[in-house]
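From just these sequences and the hints, can you work out the full model?
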Amino acid sequence: MKGQPADTVAVEGIASPARPRIGLALGSGSARGLAHIGVLRAIKEAGIEIDVIAGTSMGALIGAIFAAGELDNLAARFVDFDWKSIVSLLDPVLPRSGLIDGRKVADFVRGPMTAIRIEDLPIPFRAVATDIMNGEQVALGTGDLIEAVRASIAVPGIFTPVRANGCTLVDGGLVNPVPVSVARGMGADLVIAVDLNHDIVTKRVSHPHPSANGKAYAQAMARMLESLPSLESPALVQFSAWLHKEPLPGIFDVLLASIYIMQARITQATLRHDKPEILIQPPLGAVRFMEFDRAGEIIEIGYRSAAEQLARWAGTPTHE
1 MKGQPADTVA VEGIASPARP RIGLALGSGS ARGLAHIGVL RAIKEAGIEI
51 DVIAGTSMGA LIGAIFAAGE LDNLAARFVD FDWKSIVSLL DPVLPRSGLI
101 DGRKVADFVR GPMTAIRIED LPIPFRAVAT DIMNGEQVAL GTGDLIEAVR
151 ASIAVPGIFT PVRANGCTLV DGGLVNPVPV SVARGMGADL VIAVDLNHDI
201 VTKRVSHPHP SANGKAYAQA MARMLESLPS LESPALVQFS AWLHKEPLPG
251 IFDVLLASIY IMQARITQAT LRHDKPEILI QPPLGAVRFM EFDRAGEIIE
301 IGYRSAAEQL ARWAGTPTHE
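Each residue of the sequence shown is one higher than the one before, starting from 1 at the first, in the working numbering.
Just to be clear, a hint being listed does not mean it is correct.
What follows is a list of derived Cβ distance ranges for each label pair [claimed, not checked]:
| no. | residue 1 | residue 2 | range |
| --- | --- | --- | --- |
| 1 | I261 | E49 | 33 to 41 Å |
| 2 | A257 | I123 | 30 to 38 Å |
| 3 | D107 | Q268 | 32 to 40 Å |
Just so you know, these hints were derived from the structure itself, not from any lab. In this text, all values refer to a predicted model and were calculated from it rather than measured experimentally. Positions of the beta carbon are idealized from the N, C-alpha and C atoms, including for glycine.
And the structure:
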């Protein structure tokens with residue numbers, strides 16, 4: 001409308017403020033990241049249109065599939081997951097820079113999709129990774145979508161790093177576990193952030209690793225090591241024997257707990273500095289790194305947490 005301010009739109013002949021550009025910042029969280037599926041369902045039910053998405057680690061994986069319009073398909077495949085399904089995604093390599101290559105995970109995520117470039121997505125998207133050589137954040141906004149996700153989920157010591165554009169990339173949670181700043185940099189006026197790290201330390205202390213699930217976890221890691229091209233290294237032979245005798249927790253829990261503590265502290269600091277307009281924090285601290293077999297439960301918790309927070313933000317009562 002001529003003479004109308006640039007930041008207003010005409011609605012039935014009446015000037016009204018334009019809809020803010022809404023950004024979504026999906027945080028890291030390994031299996032806890034399945035909660036993002038429930039969060040996105042709640043956002044859709046609330047009638048909120050997402051304009052830009054930034055994701056870190058599992059947040060990048062779920063955000064990428066949502067941006068590509070394939071979220072329901074991915075969710076259906078995760079709901080049927082069991083430990084055999086999880087083990088089938090492990091492609092162990094001789095441990096130089098990581099135990100798992102990550103290509104099988106990438107193939108699983110890609111599913112029936114043809115090669116998709118980030119710049120061709122209907123919703124602008126960034127996958128946050130870390131350049132392990134200089135510690136800098138890298139927000140991947142061009143190139144192969146699934147390779148960008150593979151870089152963002154490359155947990156140091158577990159998955160091998162990904163080389164891209166002259167950089168050696170690992171998990172973005174090392175520098176920006178909940179990428180609110182990236183969403184704002186994409187032009188978001190209002191940011192909905194999902195933090196899966198807020199209770200990770202306290203819940204691990206109050207909910208020790210169940211013995212049955214610990215045994216399954218150890219079996220998965222033992223099977224992975226058994227499929228290595230060679231177990232001639234004395235250290236690997238000793239490590240494999242130890243895994244068969246003792247269930248985790250062990251070295252993997254120590255490594256992952258260290259990463260979680262770091263990410264929780266970084267998240268606290270960054271959210272104080274760059275506070276999102278809506279913060280969703282599903283209570284999932286007791287869910288462990290590879291518990292993808294709890295997908296239905298995790299998704300439901302994410303959905304409920306998001307629905308409650310969105311209702312509170314909108315000023316409407318929460319319905320059971």
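For each hint, the structure was consulted:
| no. | hint | in the structure |
| --- | --- | --- |
| 1 | I261 x E49: 33 to 41 Å | holds (36 Å) |
| 2 | A257 x I123: 30 to 38 Å | holds (34 Å) |
| 3 | D107 x Q268: 32 to 40 Å | holds (35 Å) |
Hint violations for this structure: none, all hints satisfied.
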